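Undergrad: Here are the chains, one letter per residue:
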Amino acid sequence: MIADIFLMSLDALRSHKIRTFLTLIGVIIGIGSVIIVTTAGSSVRIFIEEQWNIFNPTGMVIGIGTAGDPPQISFREMGFTDHDVEELKNLSYVKEVAPIGLLPLKAIKLREGFLKWQSKAGGTMYATTPALLDIMGMEIEEGRMFQDKKNEIVMSKSMTTLFGVDKPLKVGDTLYIQRLDGKLIKTTLVGILKESENSNIMSQVTSLSIAGPVDPYYSTYFGSNVGGIFKHVTAYGILYADATDKEHVDDAKNQILNYLNTSSDAKNYKDKNSDFVVITQQYIISKVDQITSVMSMLITSIALVSLVVGGIGIANIMFATVTERTREIGTMMAIGAKRRNIMSLFLYQSAMIGLLGGVLGVILGASGGAFIIQILNQYLKELGGAFSTGNIALAYSTQWFLIAVIFGVMIGILAGVLPARKAAKMDPVVALRYS
Amino acid sequence: MPDDIAIETNSITKIYGTSKVQFRALNNVSLKVKRGDFIALMGPSGSGKTTLMNLIGCLDRTTSGEIILDGQNLSILNDNQLAEIRGKKIGFIFQTFNLVPTISALKNVELPLVFGDMSRVSREKIALDLLKKFGLENWARNLPSELSGGQQQRVAIARALANNPSIILADEPTGNLDSATGLQIMKYLASINKEGKTIVLVTHDNSLKKFANRIITMKDGEISEHK
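Protein chains in written order, with our numbering: chain A, 1 to 435; chain B, 1001 to 1227.
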């Protein structure tokens, strides 16, 4: 009998297609926006996690710039010395520190014969220590990491085709690095870095295409020095550091800032008005979370409002339907329908509207979510820089599909209770006389 | 009480309205209808004939007095039990046919059996047989709006018979039909009566008197004439 009453409710909906659809719109929009929010949220979260999990989760960037929220690192200002690096390494919550010296290159050259050279524009080389590998969570695919004080470099996989796809550079090849000051340094390629499947933010920030030891490449470079005429000191604009464990990232940060602000060399070399800045991965993630949570709160409230409006719409149309079908209700009572049969007839109908709204809303939300991700990816490309090669993959949080449909049905039932009660409580004599 | 009494009313009174404004629709009406009777309830509008029919049909409750249907005292039953009696013992036929517009003729006939919780297969067979009996087998899948008035009323009669009730209550069944179609409907009612159903026909059309074996005329809530 339940199935039959259910089918009758369906028939009633089918006979008023336009009305049913109009009633559905509110629920569709409400459910649809919930699905869009959850889809965008889960996709962006997965994207962020991918971006950052490649980089060591205990990692942080130390620089000079403006403290505040958000903090900014000016890559131009230099001040950290090798002495600072050593002192920072001794802090109890700091596991490892690597300096980053930016070395602009004039060219990278390959000698193919006695007088035959191939030359390519060089970009920027990173002068650092082997510790960088661990801090950035990178791996060597072929060969090994460079050693300090040797004419060795490592490069990213994509760089190996610098002189042509047909003749990729191999471990053991000899290259000539020409600095901006013209100095040519003979170099051996000792390792090729494993390319991560997803380009991550850190690899983009550093665009770690070529890296080598500070000595000899960087320490002899005029642009790396700070200090007076008589006392030249090699200095760096950025340091990468690694905390001992996830629980002590903030402690490490405080220790670092404390050292830098009290007894560091950098304190003397930096501009008076600049601050030391430490950006941890956790800070960035919390920022992203903040933005996404504001976004989802906003859209969730829109969704709630439209669901309430949708529910009221259903209730309204159900009251109209009950009134319209008054005589039918009387007739059904006359031929043996009990009050609860009448009640369920209308409850099924409104639940059905909710279910339909839920299902259509999920479909709308799923396609809307895909659309939003597409727009976000477009935006990321236009944004350029660190994010430009990243791609947010569409990730549905499917449990929300089910929750949304159930929610739709619940709204339908809630909205239907009063009209259905009205129908069930009718006096059959009055109902039959209704015209 | 002899077994051949289908309907018995013992000085029933029905008062509508609030304590301030009251309308006495029925006053002390006592009546016995034998099994297989064809009663015509006549009288001007407002005379109480429809009220009497509604009370017999378990759609309403008396203010005082009792109604006994097939030996069952209605005044002691609750809403659900009354609904069950309506579903099992009574078949209603209305002036305006009152078919459910969103479902087919067949489903309309099946409806009382749906509420009576019968399985789909058996009730479809019953409904189809009934439609066949009234020459509507080719219209079974049509919606009521696709049928003529006479056809709709035949569907309604089929529906009234679906539960195999012992009493058929017909309230102006020909009121919305032309006289030829009305006559056809009355002939169907007469044949149903011959099959043993007790029929109570509410009408103010004098030409229908001839189908009844008893005529009860009402006036101002009381029985004024009994033939």
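Just so you know, the hints here were simulated from the structure itself, not pulled from any lab data. Heads up, some of the hints might be wrong.
Keeping only pairs whose Cα atoms sit at most 25 Å apart, straight-line, the calculated PhoX-like set for lysine-lysine is [to be verified]:
1. A/Lys338 <-> B/Lys1125
2. B/Lys1088 <-> A/Lys425
3. B/Lys1194 <-> A/Lys338
4. A/Lys338 <-> B/Lys1088
Bear in mind that the values here come from a model prediction, so they are computed numbers and not experimental data.
Undergrad: Against this structure, judge whether each hint is valid.
TA: Here is how each hint holds up against the structure:
The hinted pair formed by A/Lys338 and B/Lys1125 meets the criterion: a straight-line CA distance of about 24 Å does not exceed 25 Å. Restraint check: the Cα-Cα separation between B/Lys1088 and A/Lys425 comes to about 21 Å, which is no more than 25 Å; the hinted pair holds. Under the criterion of a C-alpha separation no larger than 25 Å, the hint pairing B/Lys1194 with A/Lys338 is inconsistent with the structure, at around 31 Å. At most 25 Å may separate the alpha-carbon atoms for a hinted pair to count; A/Lys338 and B/Lys1088 meet this at roughly 12 Å.
Of the numbered hints stated above, the single one contradicted by the structure is hint 3.
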